[in-house]
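Produce the entire structure from the sequences given, and follow the hints as far as they go.
Going by this note's numbering, the first residue of the sequence shown is number 52, and it counts up by one from there.
Treat the hints as calculated values from the structure; they're not laboratory data. One or more of the hints may lead you astray.
[Unchecked claim] Cβ pair distances, simulated, as ranges:
no.	residue 1	residue 2	range
1	R123	M186	50 to 58 Å
2	E177	R100	44 to 52 Å
3	V87	Y172	21 to 29 Å
4	Y172	R100	31 to 39 Å
Glycine included, each C-beta is placed from N, C-alpha and C at the ideal position.
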Amino acid sequence: MVAGRILPLPAVGTEAGLFSWSFNNSWIDTYAALTVPFMGSAFSIFLLRQFFIGIPNELWDAARIDGAGHLRFLIQIVLPISRAPLMTITLLTFIASWNSFLWPLIVTNSQRLRPITVGLYNFSDEAGTRTHLLMAGALITIAPIIVLYLFTQKTFTEGIATTGLKG
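Quick look at the structure:
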């Protein structure tokens, strides 16, 4: 027997655990079940932690001398310089949720809530795959990702350009 599709076991285990959690909370067939699981990830925490560790302590000292408290330091200093990692997390989270297939298939019952990736699956059936329709749908599917990347590209390049600067 040859598997038609190979899924990483942690992904299936995570989605099975999320399903039992969402089922107990009556989130089946809701927008919350499609969005909330993608709002936090270990990669996001790791990326922001590594970025925040790299912020020099001299910035905090200078802010304290100027009379800034913790909240003002966070809002006026840390958030503006962390635009690049926040945009990276936003883009990668959007791509992960936009391209998800198995999770929306598990938590949705109605066609109106299913994303386009699940809809593309309907172009394959017992009679074969309608490749021309599948490719047109894939092109439409990737368009929002490209548009979002074009809007965030400037922030990425600014973050890369200012990473190695001292001053």
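Okay, the hints, checked on the actual structure:
| no. | hint | verdict |
| --- | --- | --- |
| 1 | R123 with M186: 50 to 58 Å | holds, 52 Å |
| 2 | E177 with R100: 44 to 52 Å | holds, 49 Å |
| 3 | V87 with Y172: 21 to 29 Å | holds, 23 Å |
| 4 | Y172 with R100: 31 to 39 Å | holds, 37 Å |
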